[in-house]
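All chains, please: the whole structure from these sequences, using the hints.
Line order of the protein sequences matches chains A and B.
Going by this note's numbering, the letters in the first sequence line up with residues 83 to 495, in that order.
Going by this note's numbering, the letters in the second sequence line up with residues 83 to 495, in that order.
Just so you know, the hints here were simulated from the structure itself, not pulled from any lab data.
One or more hints might be untrue.
Just so you know, same-sequence chains aren't split out, so a pair can sit in one copy or run between any two.
[Said to hold, decoys possible] Think about it this way: if two alpha-carbon atoms lie no more than 30 angstroms apart in a straight line, the pair counts; the simulated DSSO-like pairs of lysine-lysine are:
id, residue 1, residue 2
1, Lys156, Lys118
2, Lys237, Lys92
3, Lys205, Lys86
4, Lys156, Lys86
5, Lys288, Lys178
Keep in mind that this is a model prediction, so the values were computed, not measured.
Number of protein chains: 2
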Amino acid sequence: MQTKYILSEKEMPTRWYNVQADLPSPLPPVLHPITKQPVGPQDLAPLFPMAIIMQEVSTERYIDIPEEVQEIYKLWRPSPLYRAHRLERVLDTPAKIYYKYEGVSPAGSHKPNTAIAQAYYNKQEGVKRISTETGAGQWGSALALACNYFGLELKVYMVKVSYFQKPYRRSLIETWGAKVVPSPSMDTQAGRSILDQTVIGEESMKQMEMAGDYPDVVIGCVGGGSNFGGLVMPFVREMLRNGKKTRLVAVEPEACPTMTRGVDAYDFGDSVGMAPIVKMFTLGHTFTPPGIHAGGLRYHGMSPLISELQRLGLAESRAYHQNPVFDAAVQFARAEGIVPAPESAHAIRAAVDEALVCKQSGESKVILFGLSGHGHFDMGSYDRYFAGELEDYAYPEEKVKEALAHLPEVTPA
Amino acid sequence: MQTKYILSEKEMPTRWYNVQADLPSPLPPVLHPITKQPVGPQDLAPLFPMAIIMQEVSTERYIDIPEEVQEIYKLWRPSPLYRAHRLERVLDTPAKIYYKYEGVSPAGSHKPNTAIAQAYYNKQEGVKRISTETGAGQWGSALALACNYFGLELKVYMVKVSYFQKPYRRSLIETWGAKVVPSPSMDTQAGRSILDQTVIGEESMKQMEMAGDYPDVVIGCVGGGSNFGGLVMPFVREMLRNGKKTRLVAVEPEACPTMTRGVDAYDFGDSVGMAPIVKMFTLGHTFTPPGIHAGGLRYHGMSPLISELQRLGLAESRAYHQNPVFDAAVQFARAEGIVPAPESAHAIRAAVDEALVCKQSGESKVILFGLSGHGHFDMGSYDRYFAGELEDYAYPEEKVKEALAHLPEVTPA
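Structure, rendered in structure tokens:
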């Protein structure tokens with residue numbers, strides 16, 4: 083009975099997949115935060131290296147992964163895909179559950195996939211110093227690892243609630259040589275390219291083939307959308323180009339229900355109205371979600387690409403409260419061993435629920451979910467869960483209503 | 083350029099190797115703590131399942147790994163062997179450095195290799211409840227994982243200094259369903275079989291073959307000896323049976339220098355004189371080492387098998403202070419990504435020093451070391467290191483002298 087499906091380094095993807103080549107129509111334009119007019123690559127040049135900007139606007143189907151980036155990926159990639167035999171047994175379900183595990187990266191999550199690429203392109207353009215914002219510290223630690231490899235100085239502004247809730251993620255960032263300062267502002271999730279993360283989905287595709295299955299459902303948690311996008315985009319390609327049928331389920335916290343309760347509107351990418359304006363599902367850029375333990379899922383908006391998937395009916399979404407998410411996290415840890423990050427546990431909750439539906443219906447569906455990271459730096463959250471101290475925050479309807487009153491007024495072409 | 087050497091689940095060892103079959107003479111007998119006479123299996127029956135006792139005294143060369151144990155091993159085994167290309171580059175050494183990484187287990191160390199087997203044999207004998215002691219919590223978490231799989235209740239007595247220094251290892255134990263209580267006594271390291279851990283060395287042997295190299299030096303950290311033994315025993319077999327030549331280096335903390343400064347004598351296995359008396363290198367069972375951050379290496383004695391290797395001249399030993407160990411840990415984390423456990427960092431320090439010797443001599447030696455675990459639950463130690471708060475304790479000569487006065491008086495046959 084095989085437990086893991088492992089690819090060799092030679093089978094690692096050498097190209098990122100760009101779903102924009104296959105979408106029925108181009109994404110709505112990105113607008114300048116002040117002029118409210120569509121921006122061109124030159125407008126973004128002060129913010130990002132040109133290579134990254136060109137990727138973001140590219141309609142090429144594939145973009146080569148630079149060799150230097152591939153070499154660093156090999157420190158942990160290809161990542162394993164597991165068949166969750168023990169979880170299936172515990173749930174007594176006829177469903178077949180698979181999970182792609184990104185916690186094997188040194189930073190413990192999927193985020194180094196894009197951080198390495200971004201540090202590389204910055205280095206290429208002669209950048210010497212970077213500063214960034216991080217929520218729960220996953221992004222900050224990933225970029226610290228990446229900047230360390232390319233000899234870039236890094237300063238990380240860490241959202242205050244996480245700075246104190248997850249002190250050891252801060253230590254991790256410092257171990258890789260970056261500086262950390264607590265930040266009063268929200269994380270902008272700027273510049274986390276879904277494109278760079280498609281290695282996750284491409285590997286999963288090959289590994290599912292090794293396992294002799296194709297997923298009926300693919301599930302991932304969503305904050306800004308990079309984890310979900312990185313996993314599902316290659317499956318979207320198979321839907322759009324080869325007529326495959328797969329349900330894609332994006333899972334978010336009830337405390338920050340961007341896709342399930344947000345509006346589809348133009349809004350700022352950041353909380354202070356300095357970042358470009360994009361069309362997306364949003365709770366309003368001034369909305370500040372409660373301090374839940376899945377700190378990586380506290381973003382007011384959703385990536386334009388994932389928003390487009392929901393708009394086109396290619397992806398669905400659902401939201402869960404903290405306690406049922408941790409119930410699933412502990413059930414998973416006891417069945418499969420791995421203690422998941424609170425963010426990833428949202429995907430587990432949905433996968434378990436899908437498997438329980440199969441138990442009712444007797445269907446043997448194939449479920450694949452993204453286990454985007456481990457919870458080694460989130461054990462304080464587990465302590466609070468076991469102590470019965472986790473709040474299941476009500477959907478903050480009033481706060482969202484207030485935030486939505488501050489959407490920018492735009493009249494796009 | 084290949085970074086990782088990965089075996090398939092089919093290539094996983096199916097037998098444990100027992101070096102006792104190949105030693106020139108049997109180990110000195112184990113003595114009863116009260117009668118001081120050699121014990122037989124029946125004397126140990128109240129303490130351990132018979133299957134484990136029989137393994138400990140067996141002179142069979144190979145012992146089959148039960149299928150149920152193999153199935154659980156597959157959750158993380160075979161573990162990867164890495165070529166440390168980046169570390170070599172940083173050190174500018176002609177040496178080739180490889181490391182076997184056991185941090186991929188759900189508990190983050192090599193200890194589940196034996197914990198799973200021990201829980202299995204206890205279950206087989208109808209045991210329902212186990213209690214155990216743990217130092218830094220590595221063993222406690224490994225056994226919590228194992229007992230969870232076999233439906234055994236577990237209570238973990240965790241050495242006080244670690245209970246407070248590493249609170250999240252406690253949370254981990256609780257997540258897998260065991261109870262934890264702080265304990266004033268020292269960890270006894272009882273019942274951690276080297277035999278069960280030889281899967282590490284057997285896999286390494288195959289992986290070095292994949293890499294086309296054979297190690298000139300094999301390095302591991304030593305506390306009780308299970309990590310070092312698990313890695314080196316198959317290489318000892320090749321020395322004793324096939325005339326291969328490899329230096330084996332056991333690395334310990336200066337604060338607890340069992341092999342480098344201890345005496346070769348009969349002593350109790352535990353700190354209170356209740357456990358069987360064995361012939362080993364020891365600092366005296368009443369010796370309490372200072373509260374260093376490598377909590378897993380704070381044991382007064384050394385496994386009889388590892389002691390025998392040093393006695394026969396098959397293994398050598400060396401000791402390091404905390405700060406140079408953390409220097410190497412951070413250098414490794416920045417080169418290879420993985421943040422090591424303070425225990426494992428002892429092996430890194432020695433491997434780096436061996437590689438620097440090669441740099442001087444121009445020799446391109448092949449160095450293999452055991453990276454026995456990650457440091458995700460030890461970040462507080464890194465914080466203290468960066469803050470310059472780690473003490474390099476002087477060798478506690480007076481305290482050891484005092485402890486050696488309390489060795490049991492025995493007159494073995």
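Here is how each hint holds up against the structure:
no. : hint              : result
1   : Lys156 <-> Lys118 : neither (42 angstroms within a copy, 55 angstroms between copies)
2   : Lys237 <-> Lys92  : neither (35 angstroms within a copy, 45 angstroms between copies)
3   : Lys205 <-> Lys86  : between (36 angstroms within a copy, 26 angstroms between copies)
4   : Lys156 <-> Lys86  : both (18 angstroms within a copy, 8 angstroms between copies)
5   : Lys288 <-> Lys178 : within (17 angstroms within a copy, 32 angstroms between copies)
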